[in-house]
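Colleague: Residues per chain, in single letters:
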Amino acid sequence: MAKYSEDFTPQEMIVVAGSRTLIDNKVVFAGTGLPMVAITLAQLTHGPGIVPVFEAGAVGPELSRGLPLSVGGSRTTYKANYLLGLNSAFELTQRGFCDFGFIGGAEIDPYGNLNSTMMGSFPEGYQKPKTRLPGSGGASDMACSCERTIIIMVHEPRRFNEKIDYITSPGYLDGSPNARWRAGMAGHGPYRVITTKAIMGFDDETKRMKLIATLPGETIKSVQEATGFELIIPDDVYAFEPPTVEEVRLIREVIDPKGYFVRKKIKE
Amino acid sequence: MYWTGLSPDEARQFLANKDKSKRDKRISLKEAVQKYVKDGDNLGIAGFVNARQPIAIVHEIIRQGRKDLTLSYQSAGLAPEYLAGAMCLDDSKNSIKRMELAYMAHEAFGISPLLRYMTENSLIELEDWSNYNMSARFKAGSMGLPFIPCRSPMGSDMLKANRAVVQDCPFTNRPIMLLPASHPNVALVHVQEADIYGNCRIQGPLFTCPEIAMAAAHTIVTCDRLIESDDMTRYPNRISIPFFAVDAVIEVPYGAYPGNSGGLYYYDEKHIPEFRGACEKFRKGDRAPLQEYYDKYIFGAENTTEFINKIPLSQIQYVEKIEPGIRLDAAYTVLGS
Chain A
1 MAKYSEDFTP
11 QEMIVVAGSR
21 TLIDNKVVFA
31 GTGLPMVAIT
41 LAQLTHGPGI
51 VPVFEAGAVG
61 PELSRGLPLS
71 VGGSRTTYKA
81 NYLLGLNSAF
91 ELTQRGFCDF
101 GFIGGAEIDP
111 YGNLNSTMMG
121 SFPEGYQKPK
131 TRLPGSGGAS
141 DMACSCERTI
151 IIMVHEPRRF
161 NEKIDYITSP
171 GYLDGSPNAR
181 WRAGMAGHGP
191 YRVITTKAIM
201 GFDDETKRMK
211 LIATLPGETI
221 KSVQEATGFE
231 LIIPDDVYAF
241 EPPTVEEVRL
251 IREVIDPKGY
261 FVRKKIKE
Chain B
1 MYWTGLSPDE
11 ARQFLANKDK
21 SKRDKRISLK
31 EAVQKYVKDG
41 DNLGIAGFVN
51 ARQPIAIVHE
61 IIRQGRKDLT
71 LSYQSAGLAP
81 EYLAGAMCLD
91 DSKNSIKRME
101 LAYMAHEAFG
111 ISPLLRYMTE
121 NSLIELEDWS
131 NYNMSARFKA
141 GSMGLPFIPC
151 RSPMGSDMLK
161 ANRAVVQDCP
171 FTNRPIMLLP
181 ASHPNVALVH
191 VQEADIYGNC
201 RIQGPLFTCP
211 EIAMAAAHTI
221 VTCDRLIESD
231 DMTRYPNRIS
241 IPFFAVDAVI
251 EVPYGAYPGN
261 SGGLYYYDEK
271 HIPEFRGACE
281 KFRKGDRAPL
291 QEYYDKYIFG
301 AENTTEFINK
311 IPLSQIQYVE
321 KIEPGIRLDA
331 AYTVLGS
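Which chain is which? The protein sequence lines are A and B, in order. When you line the first sequence up against the numbering used here, it's residues 1 to 268, in that order. When you line the second sequence up against the numbering used here, it's residues 1 to 337, in that order.
In short, the hints are calculated from the structure, not lab data. Misleading hints may appear alongside valid ones.
To be verified - Covered, in the sense of this in silico footprint (three residues per stretch, anywhere, with C-beta under 8 Å from a C-beta of chain B), are these stretches of chain A: (1) 55–63; (2) 86–94; (3) 115–124.
As the list claims (entries may be wrong) - Straight-line Cα separation of at most 25 Å, SDA-like style, residue types lysine to any residue; simulated pairs: (4) B/K270 x A/V254; (5) B/K160 x A/T131; (6) B/K160 x A/D174; (7) B/K20 x B/R225; (8) A/K258 x B/K97; (9) A/K221 x A/G201; (10) A/K130 x B/D91; (11) B/K160 x A/R182; (12) B/K97 x A/Q127; (13) A/K79 x B/I322; (14) B/K321 x A/P257; (15) B/K93 x B/D39; (16) B/K93 x B/G40; (17) A/K128 x B/K284; (18) B/K30 x B/D90; (19) A/K163 x A/R208; (20) A/K128 x B/R287; (21) B/K20 x B/Y2; (22) B/K67 x B/L89; (23) B/K160 x A/N178; (24) A/K163 x B/G40; (25) A/K26 x A/W181; (26) A/K130 x B/I111; (27) A/K163 x A/M119.
Claimed, not checked - Computed footprint of chain A on chain B, listed as stretches where at least three residues anywhere in the stretch have a Cβ under 8 Å from a Cβ of chain A: (28) 48–57; (29) 156–167; (30) 173–187.
Model, not experiment: these values are computed from the prediction. Think of the CB as a built atom: it goes at the ideal place given N, C-alpha and C, for glycine as much as any other residue.
Start from the sequences, fold in the hints, and give me the full structure.
Modeller: In structure tokens form, the structure reads like this:
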């Protein structure tokens, strides 16, 4: 049997990329949606020791009773090691118990600042947005106070903008030296941006987004064209290994058989 | 600075004057809403997204009609969506004036159509916070503190449009964010188990339910079942909300349906999309499905029992069957499928 899958979808690719970015034995504070799927895949493959934390209160559960439909749902609590509520979960991030925050967003800028609040003019148009999004939830807390942040999102030009309408979850703010520290944040900011087209990180000096790897079917050019701002392109960009047959099988048959998060159509 | 609901001093005075005796607090849900929920109130909505949302209480509020409400919550889905739908159908009967929130949507089930409708048409006023902020604001209220310091989301635009104050910490000299306490007029809480005095035992995540109940001036509790008080006090440190923080307790089985009540019933993956779909159609200009939904399930039902009677029994049995949450009191976990 072939090692690599030949019929994977962009959503499956992003889940695999997210999963492989996670490091075994780390504490990962998980946002809703794709992060939950990626953590489950990582636990079933290279990261059985990953400790998921959910903002509604569950710490270190087994995600073996079906994909949670919510970070507050009962499936996040199965065999949890600690279970109180929202305050206790976010206190863990402030104290430094959470190595990674794993979040999504609707819109991102070159410094990894995320918008999940509103499209339109801010602050003038705050009470009458062009498009209202769900709001921060816990993402902004994770972005500030987890030691590092992993961001997962669909890659299309309208979502990657030099300037975003509203900063919900702070990345490196304006990219100036120690901007996060000066703003009072505890955590160290974005580590990776995982999209349907690429894996990206941030330049140590400028804090601007840089390309690390292109996903199967993509090139440096196609990734840049799908990004609404200029990416830093280092010399050592590499081609990311495609999803294996086993990874795709786990996503389809074990993790999200009903396709709640993975089968959602991506508008291209 | 302004306060919605009670100011910290008002909240303290209110509680000082309150009857805190241990007494039988059972009344009907109808009476509880009549007695405690007034036009213009700030309502603290407990639960988290669509888990243990106070659906039965919200349906009763809608049947009676309340106007100019402020809703305070961290993340919620069904409760504010139901109130928003009632407002969209007839704002002379029900209306939301303002929401202090971190998130309104339905996670896997999709965005909130009526949050979009209300905000994009400028029908309500919003104050955005993070989940931790709203949770910590209730916690400050429950601790009797006027504010609480918090380290997130420093650097976010949220701080430009809410009442948070950033100042240098007097001890570290680094910037820190101060959040005003939240003291809602009424907390709306659904739990799995309560006794007749209002002691509550929550199964699964506590969310921010204890903090909201302790911070609010009044608390209405619905429970999936009332239990013997002796069974409750046998495990004092399993009591999540103490009796004197509760004003009314009502046994309402399925009071969080179609949402999740840990250990008892899972999200109804048929009914939530049915309601959300009607909201989405309303947003796109087709009012009829939402009106039909309310006429059938809310106005066409006297209470939650009549609402549940309209759902096929097999659908109810299914959400009970697949619920994996632990029931600590029963010392078992439901067998997996």
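Colleague: Look at each hint and say if it fits the structure.
Modeller: Results for each hint:
no.	hint	in the structure
1	55–63	holds (count 4)
2	86–94	holds (count 5)
3	115–124	holds (count 4)
4	B/K270 x A/V254	holds (21 Å)
5	B/K160 x A/T131	holds (19 Å)
6	B/K160 x A/D174	holds (16 Å)
7	B/K20 x B/R225	holds (23 Å)
8	A/K258 x B/K97	violated (38 Å)
9	A/K221 x A/G201	holds (17 Å)
10	A/K130 x B/D91	holds (23 Å)
11	B/K160 x A/R182	holds (17 Å)
12	B/K97 x A/Q127	holds (12 Å)
13	A/K79 x B/I322	holds (16 Å)
14	B/K321 x A/P257	holds (18 Å)
15	B/K93 x B/D39	holds (10 Å)
16	B/K93 x B/G40	holds (13 Å)
17	A/K128 x B/K284	holds (18 Å)
18	B/K30 x B/D90	holds (21 Å)
19	A/K163 x A/R208	holds (13 Å)
20	A/K128 x B/R287	holds (22 Å)
21	B/K20 x B/Y2	violated (28 Å)
22	B/K67 x B/L89	holds (13 Å)
23	B/K160 x A/N178	holds (21 Å)
24	A/K163 x B/G40	violated (39 Å)
25	A/K26 x A/W181	holds (23 Å)
26	A/K130 x B/I111	holds (15 Å)
27	A/K163 x A/M119	holds (12 Å)
28	48–57	holds (count 4)
29	156–167	holds (count 6)
30	173–187	holds (count 4)
Checked against the numbered hints given earlier, this structure breaks hints 8, 21 and 24; the rest are met.
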